[in-house]
Structures are given as C-alpha cells and as structure tokens.
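Numbering (my numbering), first residue to last: 1 to 945.
If you are wondering where the hints come from, they were derived from the structure by calculation, not from laboratory data.
One should not assume that every hint holds.
With a Cα cut of at most 27 angstroms, we get these calculated DSS-like pairs of lysine-lysine [said to hold, decoys possible]: (1) Lys90 - Lys171; (2) Lys103 - Lys146; (3) Lys852 - Lys896; (4) Lys709 - Lys632; (5) Lys903 - Lys709; (6) Lys74 - Lys146; (7) Lys903 - Lys917.
Label-pair restraints from in silico Cβ distances [claimed, not checked]: (8) Glu468 - Glu583: 35 to 41 angstroms; (9) Arg172 - Ala263: 37 to 43 angstroms; (10) Tyr698 - Thr38: 50 to 56 angstroms; (11) Ala569 - Asn649: 36 to 42 angstroms; (12) Asp130 - Ser489: 44 to 50 angstroms.
Small disclaimer: the values here were computed from a predicted structure and weren't measured.
Every residue, glycine too, gets a C-beta built ideally from N, C-alpha and C.
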Amino acid sequence: MLIDMNSVYCILVHQVSKTKEDNVFTKKVSPVEKLVVTGISIFYGFLVSLYLIFSMVKNRGNYFRIKRRDAPPKCLTDPTLGTHHFIQLKDIKMHYVSKGDEKKPLMLFIHGFPEFWYSWRHQIREFAKDYHVIAVDNRGYGDTDKPRGIHNYTVSAIVEDTRQLVEALGKRDVVLVAHDWGGAIGWGFAAKHPELLRKLVIINSPHPMMFAESQKKGWKQFFYSWYMLFFSLPLLPEFALRSNDYFIFDHSFRNGDGRPLFADDPQHVEAYKYTFHKNGFTGPLNWYRALIHRVPQQQPKSFQIKVPTLIIWGKKDNYLTTELAPAHAYVDDLTVNYIDNCSHWTQMDQPTLVNQYMRQFVSKNCLHLLFIIIINPLLFMFGKHREAPPDCFLDSSLGTHHFIQLNDLRMHYVSNGEQNSQTLLFIHGFLEFWYSWRHQIRDFAKDYHVMAVDCHGYGDTDKPLGVEHYTHDALVDQLRQLLVELNKSRVILVGHDWGGTIAWLLAAKHPELIDRLVIINGPLPLMYRDVRFQSWRQLFKSWQIFELNIPVLSEYGLKCCDYYGATNALFRSGSGRQLLSAEDMEAYKYTIQRNGVKAPLNWYKANPAFLYPLQTPKMDQIKVPALHIWGKKDRFLVSRMAEVYAYVNYLTIKYIETAGHWVQLEEPVLDIQMHYVSNGDENNQTMLFIHGFPEFWYSWRHQIQEFAKDYHVIAVDCPGYGDTDKPASVERYAADALVNDFRQLLSALNKSRVILVGHDWGGIIGWLIAAKHPDLIHRVIIMNAPLPLMYRDVRLESWRQLFLSYYAFVFSIPVVPEFGFKLCDYYGATDQLFRSGSGRQLLSMEDMEAYKYTIQRNGVSAPIAYYRANPFLLYPRQALHMDNIIVPALCIWGKKDTFLVPKLAEVFIYVNDLTVKYIETAGHWVALEEPELVNQFVRQFLSKE
Numbered sequence: 001m002l003i004d005m006n007s008v009y010c011i012l013v014h015q016v017s018k019t020k021e022d023n024v025f026t027k028k029v030s031p032v033e034k035l036v037v038t039g040i041s042i043f044y045g046f047l048v049s050l051y052l053i054f055s056m057v058k059n060r061g062n063y064f065r066i067k068r069r070d071a072p073p074k075c076l077t078d079p080t081l082g083t084h085h086f087i088q089l090k091d092i093k094m095h096y097v098s099k100g101d102e103k104k105p106l107m108l109f110i111h112g113f114p115e116f117w118y119s120w121r122h123q124i125r126e127f128a129k130d131y132h133v134i135a136v137d138n139r140g141y142g143d144t145d146k147p148r149g150i151h152n153y154t155v156s157a158i159v160e161d162t163r164q165l166v167e168a169l170g171k172r173d174v175v176l177v178a179h180d181w182g183g184a185i186g187w188g189f190a191a192k193h194p195e196l197l198r199k200l201v202i203i204n205s206p207h208p209m210m211f212a213e214s215q216k217k218g219w220k221q222f223f224y225s226w227y228m229l230f231f232s233l234p235l236l237p238e239f240a241l242r243s244n245d246y247f248i249f250d251h252s253f254r255n256g257d258g259r260p261l262f263a264d265d266p267q268h269v270e271a272y273k274y275t276f277h278k279n280g281f282t283g284p285l286n287w288y289r290a291l292i293h294r295v296p297q298q299q300p301k302s303f304q305i306k307v308p309t310l311i312i313w314g315k316k317d318n319y320l321t322t323e324l325a326p327a328h329a330y331v332d333d334l335t336v337n338y339i340d341n342c343s344h345w346t347q348m349d350q351p352t353l354v355n356q357y358m359r360q361f362v363s364k365n366c367l368h369l370l371f372i373i374i375i376n377p378l379l380f381m382f383g384k385h386r387e388a389p390p391d392c393f394l395d396s397s398l399g400t401h402h403f404i405q406l407n408d409l410r411m412h413y414v415s416n417g418e419q420n421s422q423t424l425l426f427i428h429g430f431l432e433f434w435y436s437w438r439h440q441i442r443d444f445a446k447d448y449h450v451m452a453v454d455c456h457g458y459g460d461t462d463k464p465l466g467v468e469h470y471t472h473d474a475l476v477d478q479l480r481q482l483l484v485e486l487n488k489s490r491v492i493l494v495g496h497d498w499g500g501t502i503a504w505l506l507a508a509k510h511p512e513l514i515d516r517l518v519i520i521n522g523p524l525p526l527m528y529r530d531v532r533f534q535s536w537r538q539l540f541k542s543w544q545i546f547e548l549n550i551p552v553l554s555e556y557g558l559k560c561c562d563y564y565g566a567t568n569a570l571f572r573s574g575s576g577r578q579l580l581s582a583e584d585m586e587a588y589k590y591t592i593q594r595n596g597v598k599a600p601l602n603w604y605k606a607n608p609a610f611l612y613p614l615q616t617p618k619m620d621q622i623k624v625p626a627l628h629i630w631g632k633k634d635r636f637l638v639s640r641m642a643e644v645y646a647y648v649n650y651l652t653i654k655y656i657e658t659a660g661h662w663v664q665l666e667e668p669v670l671d672i673q674m675h676y677v678s679n680g681d682e683n684n685q686t687m688l689f690i691h692g693f694p695e696f697w698y699s700w701r702h703q704i705q706e707f708a709k710d711y712h713v714i715a716v717d718c719p720g721y722g723d724t725d726k727p728a729s730v731e732r733y734a735a736d737a738l739v740n741d742f743r744q745l746l747s748a749l750n751k752s753r754v755i756l757v758g759h760d761w762g763g764i765i766g767w768l769i770a771a772k773h774p775d776l777i778h779r780v781i782i783m784n785a786p787l788p789l790m791y792r793d794v795r796l797e798s799w800r801q802l803f804l805s806y807y808a809f810v811f812s813i814p815v816v817p818e819f820g821f822k823l824c825d826y827y828g829a830t831d832q833l834f835r836s837g838s839g840r841q842l843l844s845m846e847d848m849e850a851y852k853y854t855i856q857r858n859g860v861s862a863p864i865a866y867y868r869a870n871p872f873l874l875y876p877r878q879a880l881h882m883d884n885i886i887v888p889a890l891c892i893w894g895k896k897d898t899f900l901v902p903k904l905a906e907v908f909i910y911v912n913d914l915t916v917k918y919i920e921t922a923g924h925w926v927a928l929e930e931p932e933l934v935n936q937f938v939r940q941f942l943s944k945e
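Assemble the whole structure, with the sequences as input and the hints as a guide.
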C-alpha cells in the first residue's frame with residue numbers, strides 16, 4: 001500500500017465540503033496508512049538531515065547563524081501599496097492590506113507558501129484603480145493570528161476565514177485571486193460559496209481532482225511533491241527552513257531562467273526573511289500537517305466549479321507539472337493562459353503578463369448573457385442545461401489532456417501511450433471531437449503514441465472568428481504546425497469524415513510528415529468532384545451540405561430539441577440503430593452545448609467545393625501508402641468514393657458491409673473472432689448466455705436444452721476462453737473492452753432486446769452491458785455475480801468478503817496462478833473448484849474431461865487476465881462507474897457460495913426493478929448444481945410482463 005499525494009490532496013475535496021452535520025463521517029487515517037506516510041516522511045527527513053550536516057561541515061558552523069532583523073525593510077512600509085488593517089473573525093484576528101475605493105467591487109488576493117500579502121504588490125498597484133483591493137495574511141502567516149495546534153489549520157477552517165472576511169466587509173460578487181496554497185483555498189471557497197464570487201483567478205495551483213488524477217498517471221508529480229510529506233514532520237522542517245539565514249528564500253524564489261527572482265532589488269527577499277524571522281514557520285507548516293491527518297470522503301462532483309475561472313500557469317514550475325492546469329472537466333467556464341518562460345512564482349516572475357491576462361478576463365463584456373436569457377428557450381426547446389461533463393470524460397484510461405499554442409490558435413489534444421513510440425494521429429469529423437476515437441485510443445496506445453485532437457473550432461481548441469480561418473489550406477496548415485511543434489514526423493495519420501478530407505490533403509501537400517494514411521469514410525476532394533458529376537445518388541445524399549450553408553437556420557436545426565439533430569438523429573448505425581450509449585450521448589451533447597456549432601459549420605461555408613465541385617482545389621498525387629476503410633451503408637457518401645486509385649499510388653480498401661458512416665464507433669474492433677453455440681429457432685427471441693471463470697459455453701448445457709424450445713439460445717465462449725480468440729494484451733480484457741465485444745456481437749448478429757444470462761464474470765459483464773446499453777437488453781438474469789458498485793460497498797464493510805476474495809490477490813501475481821492450476825492434471829481448476837454448497841463434486845467424469853480438455857488446450861493466462869485487467873476486485877474504490885440498471889433483473893444466488901457473500905445479491909439501490917431468488921443449499925456454481933430450480937426461477941421471471 002502506498003499513500004501518495006492523491007490521498008493527501010483529495011482531502012481538500014472533503015474538507016471544503018464539510019458541514020456541521022457531516023463531522024461524524026470524518027475519519028482518521030488508518031494505522032497502516034499512517035505508518036506508511038510516517039515512514040516516507042522520516043525518509044525524506046533523513047535525506048534533509050544529511051544535507052544539513054554536510055552544509056554545516058562545509059560552512060564550518062556558520063550555516064546556522066541567523067542575521068538579526070529588528071526593523072522591516074522600507075518596501076514593507078511603502079504607502080503606495082495601501083493601508084494596513086486588522087479585522088476580528090470568529091477564531092482569529094486577521095491582518096490585511098487594503099487599497100482603492102471601498103465602494104468598488106472587491107478583488108481579494110490569497111497568497112501561498114512561503115509567502116504573505118507582499119507577494120501581490122504588483123497586482124495591488126495595478127488593480128486598485130478599478131477595484132477595492134485586499135491582500136490578506138493567511139491564518140498562521142505574517143501579522144495574522146497563529147492559533148496553536150494543527151487542528152486549527154484544516155482547509156475548511158481557512159475557507160471559513162475567507163467567508164467571514166468577505167461577509168464582515170459586506171461584499172458579494174468578489175473577484176478572488178489566489179496562488180499556490182491560496183489557490184487550494186480559492187478552489188474550496190468557489191466550490192462551497194459560489195454565490196459570493198463573480199470570478200475566480202487561480203495562479204499555479206491545480207484543481208484538487210486534477211492533482212488526484214495526476215497520481216494515477218505516473219510518479220512525476222509525486223516526486224515533485226516530496227516536500228509535502230517532509231513538512232508533516234515535527235520541528236525538523238522549521239529548523240531546515242531557518243538554516244543558513246533563511247536560505248530557502250534565496251534558493252526557491254527563482255524566475256523561469258533559474259536566476260534569483262529578486263536579484264535587482266535585495267530588499268524584496270529581505271522582506272520575506274524579516275517577516276518569517278518575526279513570525280516563524282510553524283503556522284504555515286501546520287497547513288501541511290493538518291492535511292496529512294485526514295482522508296477524502298466526498299465524490300469529485302461535489303467539487304464542480306460553477307464560477308467563471310481563469311487559470312494562469314507558469315510552465316517552468318518546479319513543484320507542479322503543467323499537465324495539472326487544464327481542469328476543464330471540473331470547471332464549467334474555464335480559461336487557461338500559459339506563460340512559457342515562467343516559474344512557480346508567476347505573479348512576481350511575470351507580473352505584466354499576469355496583470356494583462358487578469359484584466360482581459362475580469363473585464364469581459366457580459367451583454368451576451370442577455371441574449372442567452374432571451375433566446376435560450378427557443379434554441380433549446382425541450383432541452384436541458386448541462387453544467388458538468390459526464391463521468392466518461394474523466395476516464396484516465398483514455399489518456400492525458402494537453403494544449404499547444406500554434407501560430408493562430410491554441411489546440412487541445414488527448415495523448416496516450418509511450419511517447420517514444422511511433423505516433424498515431426487521429427482527426428475527427430463533423431460534430432465530433434477527440435472522444436470519437438476512444439475505442440482506438442485504448443487499443444493502439446499499447447503499441448503507439450496516440451494523439452487525438454480537437455480540430456480547429458471544436459471542443460477545447462480555439463474557435464477563431466471569421467469563415468476565412470476554416471479553409472482547407474488553413475486546416476491543413478494547423479495540423480502541419482502541430483506536428484512541427486511536437487517534433488513529429490513519419491506519423492500514421494487517421495481521419496474520419498472531414499478529418500479524412502484534411503488527412504488526404506495533408507498527405508498530398510506534406511508527404512514527408514506522413515508514414516501511412518488511414519481514412520475512414522472520408523472523401524478525397526477530387527474523387528468527390530468526379531462522383532458528384534456522375535452520380536445523382538451522391539447529389540441527393542449531399543442534401544445536408546446545402547442545408548448546412550443556410551445562415552442561422554442550420555444552427556437552429558442542430559440545437560433544437562436538445563441537440564437531437566446533432567446527436568440522436570445523426571449517430572446511427574448502418575441499420576439505423578443508435579450508436580451512442582446514454583453516457584456517450586451526454587458527452588457529445590455537453591460538448592456541443594458548451595462550444596456551439598457555429599465553428600464546425602464554418603468548415604462547410606469556407607470550402608464551397610462540396611457545394612460547387614468545379615471549385616475543388618488541386619492536389620498532388622498521394623504517394624504514401626493508404627488504407628481506406630468504408631462502411632457501405634453510409635447515409636451521406638456513396639461507396640464509390642472509396643475507390644480513389646486514380647489519386648493514390650498505394651491503396652488498400654476494406655469494406656464493412658453492414659456499417660454506416662460512423663465506422664470507428666460502430667465497428668471499432670475487428671481483431672477478435674468469437675465462438676458461440678446456437679440452438680432453437682432464430683426467429684424467436686434470443687437468450688444470450690455468458691459464462692464465468694474458468695468455464696466455457698458448455699457450462700450452460702442444462703439451460704441450452706431447456707430454453708431452446710421457446711427461444712433462440714446462444715452460449716458464447718468469452719474472449720480468451722475456449723475457441724474464441726485470445727488477445728495477448730492484458731488491457732484487452734478490461735471490463736469496457738469486454739462489454740464492447742458483446743455489443744459488437746449483438747450488432748453483428750442484428751440482435752436487440754435480448755434476454756442476457758450471466759454467471760460469475762459473465763454476470764459482471766451482464767450487469768455492465770445492461771447499464772451501458774439498456775436498448776440492447778430486454779431482461780437480465782444474473783447468477784452469483786457481483787455488481788461492481790455493490791462489490792465495492794460490501795468489500796469496504798465486510799471482512800468476510802475480504803477473506804473470501806483471496807483469489808483476486810493470488811491471480812494478480814504473475815506466473816504463479818497459471819502454474820498452480822496446471823498442477824496434478826488441472827486439479828485446482830476443475831476437481832477442487834467445481835464443488836456444491838456441501839462440498840460434493842459437481843462434474844461427472846465425462847464433464848470433468850470436457851473442462852480439462854478445454855483448459856489444457858487453451859490455457860488459463862487469458863481467463864486470469866480478467867482479474868489483472870480489472871483492479872476493482874483488489875481495490876474496490878476503483879469500481880467502475882455505471883448508470884442505474886433500468887431493465888428488469890433477476891438475481892439467483894446460491895447462499896453457500898465460497899467466494900461471494902449473499903449480501904452481494906441485494907443490489908436494490910442500483911437496479912430499478914429487481915427480483916432476488918436465493919437457493920439455500922447451493923454454492924457458487926448454481927446453474928450446474930440446481931439446474932431444474934434455476935430453470936424454474938428463470939421461466940417464472942420471463943413469464944412476468
């Protein structure tokens with residue numbers, strides 16, 4: 001177990017959300033966690049002690065001599081910085097500096113560590129012209145009170161100080177500006193008291209959940225944050241920070257080039273040394289110590305920021321990585337400005353630029369709100385307002401979010417995989433964004449450095465005004481700049497729809513940048529011209545291009561009825577089936593609602609060739625090898641568009657007969673061949689049986705024979721089992737990938753409204769399919785299989801389930817489980833495992849041979865990979881998020897299960913319509929042990945309408 005800064009920083013989420021009523025839920029760190037944190041802290045303390053001893057020897061004892069400072073430097077008494085005040089709050093007396101007309105709006109500055117009010121001197125002078133400016137000394141700092149005891153330094157206490165100050169001053173609509181630790185307080189204040197704020201400005205301080213997410217993606221930020229654990233130690237940090245006459249300020253306060261920040265005027269560093277010499281470090285350090293003593297209790301959604309927010313980030317921060325800045329998932333209205341050659345101390349390092357960004361942000365004209373208030377009901381008829389992104393946006397398995405400044409705009413992209421690998425660059429099409437490539441990101445990040453962009457005008461990429469910014473040439477040049485800025489060449493370029501068109505042009509114009517080209521239902525402009533002239537069918541299919549060029553009407557049509565035309569009606573399979581799950585649909589609607597459709601429509605308005613083919617731009621022959629994947633049931637483009645042999649030297653075409661325009665969504669993975677056994681009339685309703693571990697289709701033999709009379713029965717070999725393919729990558733067995741395999745199976749068989757029956761791992765998959773794709777499921781029947789969220793709840797409460805789950809820990813060990821199962825003629829995988837509730841052997845000799853033959857032939861590495869790819873069985877807090885299950889469900893549970901406690905069956909809070917049937921004497925393999933009773937329960941359940 002490792003208690004990293006994820007645990008530490010997530011505490012902010014709990015503390016700022018805490019009320020008087022929820023104190024009972026505040027828990028101390030467990031003894032084991034406390035021991036680990038203490039051990040790491042002592043280790044860092046040991047290293048610092050060695051450094052101090054070495055420095056003392058090197059400096060012959062002078063290292064610990066401190067200069068006496070009786071009077072403040074002149075800069076601290078400069079009247080141009082304002083007047084000094086004290087105000088009595090509930091628990092402390094707070095010191096602050098004030099300047100400007102008190103009748104004007106309040107701009108409140110909150111400093112970080114190790115600072116005080118003086119860090120805002122540049123901003124005080126600038127903004128006092130237009131605001132009543134106040135810069136505080138935080139609790140424990142400067143001339144503000146320093147209560148004893150670390151319990152007085154919790155985040156919630158400091159947020160409360162800020163609230164009391166604002167209310168005591170009689171202010172609302174505050175502009176809150178905060179840096180470093182002050183930023184943590186700023187985030188907390190905005191989350192808890194948004195009604196008091198007009199705008200929020202955060203400078204080099206990550207949103208708490210961004211910090212938490214960073215810990216799941218690597219160790220870089222953990223090592224950056226080593227000092228936080230060191231500061232939790234008693235006494236030694238104070239001693240170290242005072243050493244060598246407060247050398248910490250000379251060493252830490254540096255600009256982006258590494259030079260001393262106050263080299264031009266030493267009195268500034270003297271101001272810090274005087275203040276901390278007078279007041280000490282114990283109060284500031286107690287902020288860190290209080291942080292370590294609590295654990296997070298609130299979900300991230302409670303930390304959604306609804307106040308318009310500006311983040312200013314110095315990119316040469318030595319304490320916080322740049323990846324922490326873009327907190328778009330947690331802030332409804334966010335602007336991020338980066339400063340390239342700037343350190344952590346941004347407001348002092350680059351004050352002019354910081355002031356410029358702040359002024360632009362706080363002075364934005366709000367007249368557009370009036371238009372929204374008046375027009376909104378018409379534009380969004382029957383729609384809903386979406387304030388927060390859906391949880392699928394927060395899925396760390398999709399990669400990390402980045403921004404890059406190009407010549408004319410800032411581009412957003414998502415990156416995943418090893419950066420030293422060859423790059424795979426994905427370009428989406430009309431009314432999409434980077435998320436359209438989620439299936440491909442997961443699959444190819446194993447072998448490539450994957451990048452999926454938000455194209456010019458989409459998602460979080462800038463949206464220049466003016467149609468002229470969206471011409472073919474401009475769009476191609478933006479991608480060229482992206483590759484040059486990232487020092488990428490010989491990339492594999494993948495494009496769909498409009499993204500495919502741009503990819504064709506980029507490959508023709510800059511072949512030196514492209515290794516290979518993959519186009520998915522994306523027209524090459526010259527081929528579109530040829531086909532349009534020859535094909536009336538393509539002319540009729542192109543009707544939407546004419547409609548999209550009509551001013552105002554096109555935008556209105558896409559927005560009305562809760563963006564139905566831009567999502568529900570558009571994203572359909574070749575057979576007309578809806579392609580997006582409910583959560584994915586929300587992702588598209590949230591993105592379109594947040595960013596609008598004007599910029600995407602400009603792509604059509606700026607490129608008249610699709611309306612008037614004679615205006616098609618000339619292009620060179622494409623010389624890089626190209627693969628053209630084409631869904632033949634495309635509603636917008638005829639299949640002949642794929643045959644671009646005349647314009648491409650090396651072309652391969654792959655048609656997908658049943659797929660429509662959105663091929664990468666409809667048929668994302670074509671790398672697995674699934675085996676299944678079928679029985680019964682195919683015209684009857686389908687029953688799909690999914691087995692568990694370590695089984696195969698044959699485990700359903702009793703049910704196949706029983707239900708084939710009335711249903712079309714399908715029993716599969718799951719991926720990695722039996723005669724189904726066995727992908728080599730462990731990630732390929734993640735729950736999302738398995739759910740998608742079965743979605744594809746149903747799509748390929750043209751099945752919907754099936755009755756899904758699952759046991760053990762097949763039941764887990766069954767729960768998730770029912771939650772994610774309720775449109776495909778008529779009823780779901782689960783036998784002794786935990787719903788992930790219920791497993792989380794029970795594991796956290798039940799020691800018995802923890803002990804019963806020993807196998808999940810064993811299966812996480814490499815090699816050992818495979819070796820153990822093979823011993824003694826697969827005794828552990830068959831003879832020992834398949835036992836009744838009373839311990840009786842369930843398999844006949846012949847059936848036993850069937851299982852041993854199958855396991856021996858196919859191995860157990862792939863089945864065990866299910867456990868290795870899905871850590872929620874080991875770490876329940878990582879349980880997959882899922883929607884409530886709305887289809888009727890039957891849960892059959894053998895109460896003598898030796899792996900799962902019966903309480904796991906009671907999933908009433910997660911399933912809207914649930915029936916539970918217990919079999920008192922049965923064990924885990926309930927379908928084998930009590931087939932007749934199981935079949936009876938199933939028939940009773942299916943007979944209810």
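query: Checked against the structure, which of the hints given earlier come out wrong?
result: Violated hints (numbers, rising): 2, 4, 5; every other hint is consistent with the structure.
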